[in-house]
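Use these hints to put chains B, C and D onto chain A, whose structure you have.
Chains as they are written, first to last, in our numbering: chain A, 664 to 1114; chain B, 664 to 1114; chain C, 664 to 1114; chain D, 664 to 1114.
Possibly wrong hints are sitting among the right ones.
If several chains are the same, the list does not tell them apart, and a pair holds so long as it fits within one copy or across any two.
Keeping only pairs whose Cα atoms sit at most 25 Å apart, straight-line, the calculated SDA-like set for lysine to any residue is [stated by the list, open to error]:
(1) Lys844 - Asp883
(2) Lys1064 - Arg1017
(3) Lys809 - Ala710
(4) Lys716 - Gly841
(5) Lys722 - Arg707
(6) Lys667 - Val757
(7) Lys1021 - Glu808
(8) Lys1041 - Leu1089
These aren't lab readings, by the way, just hints derived from the structure by calculation.
These figures come from a predicted structure and were not determined experimentally.
Number of protein chains: 4
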Amino acid sequence: MSKKVWGGRFEEEMDALVDQFNASLSFDQRLYPHDIRGSMAHCRMLAKKGILKDEEAAKILNGLQEIKREIDRGEFSWDDSQEDIHSLIEAALVDRVGEVGEKLHIGRSRNDQVSLDVRLFLRDCIKNVIQRTEDLQRTLIVLAEKNFDVVLPGYTHLQRAQPVLLAHHLLAYFEMLGRDKGRLQECGRRVNILPLGSAALAGPSFDLDRHMVARELEFDAISANSMDAVSDRDFVLEFLFISSVLMMHLSRLSEELVLWSTQEFGFITLPDAFCTGSSIMPQKKNPDIPELVRGKTGRVYGHLVSVLTMMKGLPLAYNKDMQEDKEALFDTVDTVESCLIVLNRLLTGVCFNREKMKQAVERGYLVATDLADYLVTKGMTFRKAHETVGKMVLYAIDHQKELNALSDAEMKRFSEIIEEDVRGWLEPLNCIQRRRVPGATGSVPDGLCPG
Amino acid sequence: MSKKVWGGRFEEEMDALVDQFNASLSFDQRLYPHDIRGSMAHCRMLAKKGILKDEEAAKILNGLQEIKREIDRGEFSWDDSQEDIHSLIEAALVDRVGEVGEKLHIGRSRNDQVSLDVRLFLRDCIKNVIQRTEDLQRTLIVLAEKNFDVVLPGYTHLQRAQPVLLAHHLLAYFEMLGRDKGRLQECGRRVNILPLGSAALAGPSFDLDRHMVARELEFDAISANSMDAVSDRDFVLEFLFISSVLMMHLSRLSEELVLWSTQEFGFITLPDAFCTGSSIMPQKKNPDIPELVRGKTGRVYGHLVSVLTMMKGLPLAYNKDMQEDKEALFDTVDTVESCLIVLNRLLTGVCFNREKMKQAVERGYLVATDLADYLVTKGMTFRKAHETVGKMVLYAIDHQKELNALSDAEMKRFSEIIEEDVRGWLEPLNCIQRRRVPGATGSVPDGLCPG
Amino acid sequence: MSKKVWGGRFEEEMDALVDQFNASLSFDQRLYPHDIRGSMAHCRMLAKKGILKDEEAAKILNGLQEIKREIDRGEFSWDDSQEDIHSLIEAALVDRVGEVGEKLHIGRSRNDQVSLDVRLFLRDCIKNVIQRTEDLQRTLIVLAEKNFDVVLPGYTHLQRAQPVLLAHHLLAYFEMLGRDKGRLQECGRRVNILPLGSAALAGPSFDLDRHMVARELEFDAISANSMDAVSDRDFVLEFLFISSVLMMHLSRLSEELVLWSTQEFGFITLPDAFCTGSSIMPQKKNPDIPELVRGKTGRVYGHLVSVLTMMKGLPLAYNKDMQEDKEALFDTVDTVESCLIVLNRLLTGVCFNREKMKQAVERGYLVATDLADYLVTKGMTFRKAHETVGKMVLYAIDHQKELNALSDAEMKRFSEIIEEDVRGWLEPLNCIQRRRVPGATGSVPDGLCPG
Amino acid sequence: MSKKVWGGRFEEEMDALVDQFNASLSFDQRLYPHDIRGSMAHCRMLAKKGILKDEEAAKILNGLQEIKREIDRGEFSWDDSQEDIHSLIEAALVDRVGEVGEKLHIGRSRNDQVSLDVRLFLRDCIKNVIQRTEDLQRTLIVLAEKNFDVVLPGYTHLQRAQPVLLAHHLLAYFEMLGRDKGRLQECGRRVNILPLGSAALAGPSFDLDRHMVARELEFDAISANSMDAVSDRDFVLEFLFISSVLMMHLSRLSEELVLWSTQEFGFITLPDAFCTGSSIMPQKKNPDIPELVRGKTGRVYGHLVSVLTMMKGLPLAYNKDMQEDKEALFDTVDTVESCLIVLNRLLTGVCFNREKMKQAVERGYLVATDLADYLVTKGMTFRKAHETVGKMVLYAIDHQKELNALSDAEMKRFSEIIEEDVRGWLEPLNCIQRRRVPGATGSVPDGLCPG
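This is chain A alone, in the form it adopts within the complex:
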């Protein structure tokens, strides 16, 4: 077992099992570049303020850079007995530069250090997730443009409702992702606040220049209360929530991909390269990717619940429970990124079966609303028109016809005001084109590039 950074007051060595239970190195090691970057900024500031001599600072900076280089290249020999990445790097530093390395921790605690590291890490992740989200948005636009004349049934309650453009349907997801992006950006601003300089909880007794550190690390602001700063995990929760909603959106898209690739719907064909088969049923070609994305939604929800539960009722300031935030955060980042990437690539390869979609639009009385609207334009009240068309639908079902296929006489039987022009009125494409109000399905072609 390695020497602890806090050993002086203890008479017994730590129990080996406890040591392992307690340690976070196995997962927080991925914070190393952020930890080193933060330490370098702290070191420079200590020198600037005369707390470290310039030559001391130079040695420390060199040592840190060397450690960074070694880890980057996979040449670093990890000391698994260290408690966490912070202790590990400090120990490696002292190894390399001697006693002067022990001066680095002046005015700092692991409490503010870990918050700094996670904020630096998360800041990068948010940028990546935003980019991945935009990639997916772009793909949706490309697909919408390529298929701008494809019509399919719009559904409510999974029942055919009204004809819509495929482009309109796809761009609904564009909107959802846009909101996700907006939330990520706002979260990013709350992440981008420097906690360093809060020390353990009360602030440091040294005259540190927090603004200098903030500038060097490109933070927008410094935290305003040290007790809050070391025990605040709002930014982790916020990212987990935004990710949960993002995954929820992807789960809806995935559900539709699964539905649309069934034999029954047949609206799309998934590329072989994105499907798997069965070890027993030779004909199977399964939409594993959207299923997994849908399933992983639960995973991200779970992480959100985990950290919400963990934070509930904790007194100020730092408590060890908070160490549990990291694995939830890391796994969420990895899950969301990979889901966005994989789904994006899958979508690019999807083949839309426009003929199947067209056939679907023609069955199921999707133009009933337009028939009612027709009656309204001829002067009937909306409620009466609705009822009249309801009866026509019932009649049509009984006679196994679509509305369009009713004869003039049959139509007149329900209302005298129905005339010749109803035929054109009920053409699905006309139904779509009449819906030109901003946001409606007929408004899409004009506004295809919402970004």
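Frame of chain A; chains B, C and D shown alone:
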């Protein structure tokens, strides 16, 4: 059972049990002012666009106002057989103004109508919750000012760590609430988008003026995609999440109120008027309010999980599952508001026992960090100083003394560089005043009005 | 505001707002029959032990019975200012029988009283839920029997996999419900333990006969530790979890009902009386019931999370947070019961379109596994057979035929060992009948009455 | 990329990224002993039924044993390109024994195979967790016996309530763990059902002997419906729930360990070997272990939510989403086991400060209930006695005395019936010993070995 707004196509009457299972009137009735306000705006726009004649619109507007007045005054006779508040108000309107009332629903569906109502409702709630949050922030500042010279132990791991100002401790919550407020404001902007004009899912076939409705209802923008607009519940989720974090913050404050009012801590006395006793133990005075607030945290978390689960994997566009968002939202609004109000009033009456806090600061070696810092200012590396003081603490525990009570000789035994000036250095108030870096406990008095 | 049962030690009156925040009467009033039943048993025991005189007990019992009768009949005048149902009934008792009523609470606390009441309540609920579950199981069997010769595609990944009997499919839900029932019964045994006699937390100082009370209230056992007994909510959690899994099962069934009633699947027609329409689209007939059941799954999950969160980290023994268990429990009971009832009635009216199902079985290469098995019976290894059939499927897709429609020559091209008898082998009904291993789809008709 | 077990029907190679996204080998490899054990049983049965020749079976069995041995010894060379542990072992088998290895999968699918593996795995885990739970129960009994005469305040609402025995307090946790154990055993019975023989979803077309396999693998029963069997994850959920409640219990114990080791309570001293210090504050000795256990409660709750969410609304039968159950399960098993072990070892080393506890019992009017009971034994009604003592407590607080310290005259002022004997009556130990009803704190010494 009442006549449905969609009955035409149906041959059987709805099963009574199903009717009840399906109906939302028992809880969505609280949306009535929002429903009526939205309908009036819709009506005016229909008239402006010539879809309704002016006299038709006038009748409808009068009818709606009358209904509103009756409900406000408790004089409205509720028809419990109606499915929801939208159907109820339409039926009441037709009752009053006759067939013309049936024209109001032109170009509109309950799908966009319910989204409109909930957005109007939530917009108001967010304003209220922000105000309640600011009230609590104000109380914290008042308490901080009134007690600006009170010192208590700052804790980490619930172990005494370093002396801090009570004001600093209280203002940590000010910061948390500030973040909550920021999130509420951002959520408010995403709520404030007009969904009306999306109709069932594809948009209306009538030439509506959505911008006019948006202006009248004071919305910042109109929704960009009708399929998204009728099936988007992000804004509900976002409010539930923000409320969850807000409750988490209150649960931490509550935990501290519970702890501080124990016999063991004794830092505060709660006002009798905010406590309850026991039906069996005559001496009991229980901190029920903070306990309940802490417990209600779970309730709000639960609502968040509920709606996240509900939305998972739903295909476009509207599905009936989404009706389940409302009770979760309403209960969250009520819970958060009442917790903020009650906690605020409780805090106002709390008596801080400064003597007890002072005694607590004097026991538990809270100045050990400052002693290490002292050694660092005399030239020792931080790690060595830390270890030296660790040994001194161990010695002090063995001899049942505090660090301040060690004699010069005892101190020197651990390090020759300790001198006379260490005594003043270790005074708790000095420890605090040395921490003047922005955000540290010693920086508080200067910046008491953070708002 | 009413007089509290604990007022003696308090100098100030309770704040009105706090009173309301704190009170549980608005929801715990539904516990009244259980509260009165428990009080009567307690009273009889006190008399038996000589702690109450017989005539005192008689007065109290009469008073309690009278109160019960009044509430049952809706004649009771509720005093809304009471804190909870326990205080309310005690106050009503003293009103009726005078000071002797104040003796009822000897050796008892609200802490053990509320646990008793909830256990009595939940015991009944569990019985009801079990019965509702059995009702649904029975309906599944009746449907299976009525449709014993209906074949439909079995799906994995929502892709057609192999032909199965509709009966087999339905009975999968029978199994799930059977496990739910098993869990409910086991939970019922843990509920059925008497907590009364634990008093506030340490037990009563009077010589009570807990076993007598247990016998009278038909409990299986008495709780073994008073501190545990007053702070145990495991039984609530367990019921919430079992309900969550039950709802999950119902959500799967509901999902299938929604899918099957789409135009695309068309496997079932839902009865009009269980569907709703659209306020705007006259043709719509929506499967609201299964959608709502699916959506309410989130609601029950949410309650589980709520109570789990609430209980986390509470020190012994009773804490006020625990009051939050009741609304979650009550709403879960109501939700689960109504979902079971409504779904059961809906299922009874479902019309299965066997022709549509048959057609679906004939498209999609569902017999591919059987073709591979055929090759295995002729001596090929399974992996080779699987690959061979995979290639045949590919060929068949390219030529837009089903496997059965390949000519002998075409078949031989893939394997010489395919012979004449393959035709019969691939008949869907034969595929099913070959699966006679217990639990397989072909084993169903023999074992239709699994109960 | 390795050859898939389902490749025949596919024209394109799987996308590398998808391959990785899709693969479960990185986590399901820990199922290898269970996978091999299941395969061996399946193989023997195939031979018994004449589906495999004896020499074929022998080769396969040898091959499987060899693979097992290699993995056990760390000598196995893992083919990371394999999709999952099932494919990997089949491929390794064919590598070793040739084409005959391809016959092993006859009558089996990965759908029933993975359910089998997880059930075998979980069966072992449940046994381990039960044992760990019993270990902790035993420790509680040992501690109760060692400290059988230690008295401490019993708390409700974290306010001192009544004196209790430390043994009684500790044994409350014994009861909770006992319920956990009961639930684990019942879950174990539902786990112990053989799913193999369900094949993909419809059952195998070969004449397998499922009962033989069940006997060999020591299962109590075989699953009754193949479609249910391959898509049932109830047993995973049940284990996650039971673990959640178990963790909730541990979180309560942990909370008390944290509280009791504060300077303020001072009831216990934690062993150095189980605590950590601070990198900045030399005096700190933090109760990291109980804090971590408390924090990890959220982690297990999260996994439960994750799998509940994942299962919601999935149609029959197997869907790929279900692959997400494994990491949640594995991490829960590891978390629960390590928490039980570590907490058990920590408890063994805890030092109880009986003097501190005794002092705490003497302050805070803990005997007020007994004083009220005293008045009741002298004939006062309970409510009056409660109120009288409430007033005495108020008086005592004002005069800064405990109840015992009131003079005879002072006492008489509140009630004439108070006499000399009240002094002994109010001795804490007498208060405890009067509580002899089964389950009460005074009943403990007699029943110390509840097991």
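Checked hints:
no.	hint	in the structure
1	Lys844 - Asp883	both (20 Å within a copy, 19 Å between copies)
2	Lys1064 - Arg1017	both (23 Å within a copy, 21 Å between copies)
3	Lys809 - Ala710	neither (59 Å within a copy, 39 Å between copies)
4	Lys716 - Gly841	neither (50 Å within a copy, 39 Å between copies)
5	Lys722 - Arg707	within (11 Å within a copy, 68 Å between copies)
6	Lys667 - Val757	within (13 Å within a copy, 51 Å between copies)
7	Lys1021 - Glu808	within (18 Å within a copy, 39 Å between copies)
8	Lys1041 - Leu1089	within (15 Å within a copy, 58 Å between copies)
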